[in-house]
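Please put together the full structure from these sequences, using the hints given.
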Amino acid sequence: MWRTVARRTTIMIPQIVLLSILVFLLARSMPGDALTGLIDPSIDPAAIEEQRVKLGLNNPWYEQYWDWVTNALQGDLGQSFRFKMPVTDLIGERIANTFWLSLATLVITYLIAIPLGIISGRYNDTLADRMITGYTYIGFAAPLFIFALLMLWAFGFHFGWFPTGGSVAPGMEPGSLSYIMSKLYHLLLPATSMALITTVTTVQLLRSEIIDTKHKDFVHTARAKGASESRIYNRHILRNSLLPIAAFFGYEITGLIGGTVFIESIFSYPGMGELFLSSISVRDFTVVTSLVLLYGIAAILGALLSDLILSMVDPRIRIK
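In terms of the working numbering, the sequence shown has 107 at position 107, counting the first letter as 1, and numbering is strictly consecutive.
These are computed hints drawn from the structure, not numbers from a lab.
Keep in mind that the hints are not guaranteed to be accurate.
[Said to hold, decoys possible] Between beta-carbon pairs, the in silico distance windows are:
1. N59 - Y179: 22 to 32 angstroms
2. F99 - D125: 37 to 47 angstroms
3. P244 - T126: 18 to 28 angstroms
The beta carbon of each residue, even a glycine, is placed where N, CA and C say it ideally should be.
Rendered as structure tokens:
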């Protein structure tokens, strides 16, 4: 196992290097720069140009990239032009909110998806299966940001059951029980909104696996030996059908982190996604490049995590 992790980590290094170059070049290809629109137009253009030279914005891209990488390896991701603070500190303030939102979404997703997938697969072609399948079709067709807006309007503004912004009520003392409950209350609506859409892939995958496994030879053999239906489903069908779900787990985490970009913006939830979109609008390149690089590294680690989980769930599978 550890040899596999070491080998895959070695393969990941050139992937991360290539990703960092692409992210840096794409960010620099955006119109304008970090000073565009942030300086009083009445200021002498020569002074603005002098500031660009001081910040190294006029240097060749490879010099800027090398400075950025060497500083990043030392834990310095640069200075945010918008917030006037180190990017590492800025991301550190937001990453906890994104983590808890992603975790809550993941828990709700599996609480919904696994029971629905089991019912739909075990009792396929019944009324319950048709209703669940209809729900998944609607989920596949519904854009996440449109569905989130409807959820915000219905349960946030119309009924007023949930807050419409922020991650905690003002005036709460950090660490207190009321503070924790307020945190959970604020993330429940955005997490549920995202989970109701992201769950459809897991439901369909589990349903297909159960239906396919039901017709395997070892299932017919178990029935021929007189095993009960509950034992057949629990010990044979369900256990084997959950393997793809386990393999998909790492990618699920990566997808949730990326999906929070829209959710956090719609619900005004102060996480990395909301920070990412607002930084793009003001061309805060140091923040944008850092966040995209972190998302990319998370995707690569998610692929590794999925492979490792699959090898642990099914020892017959060996990662090469």
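*Could you say whether the range 18 to 28 angstroms given as a hint is met by the Cβ separation of P244 and T126?*
23 angstroms, holds
_Taking 22 to 32 angstroms as the stated bounds, is the beta-carbon spacing between N59 and Y179 within them?_
Given a distance of about 46 angstroms, which is not inside 22 to 32 angstroms, the answer is violated.
*asked:* A range of 37 to 47 angstroms was offered for this pair. Does it hold for the Cβ distance of F99 and D125?
replied: Given a distance of about 41 angstroms, which is inside 37 to 47 angstroms, the answer is holds.
Hint compliance for this structure: hint 1 alone is broken.
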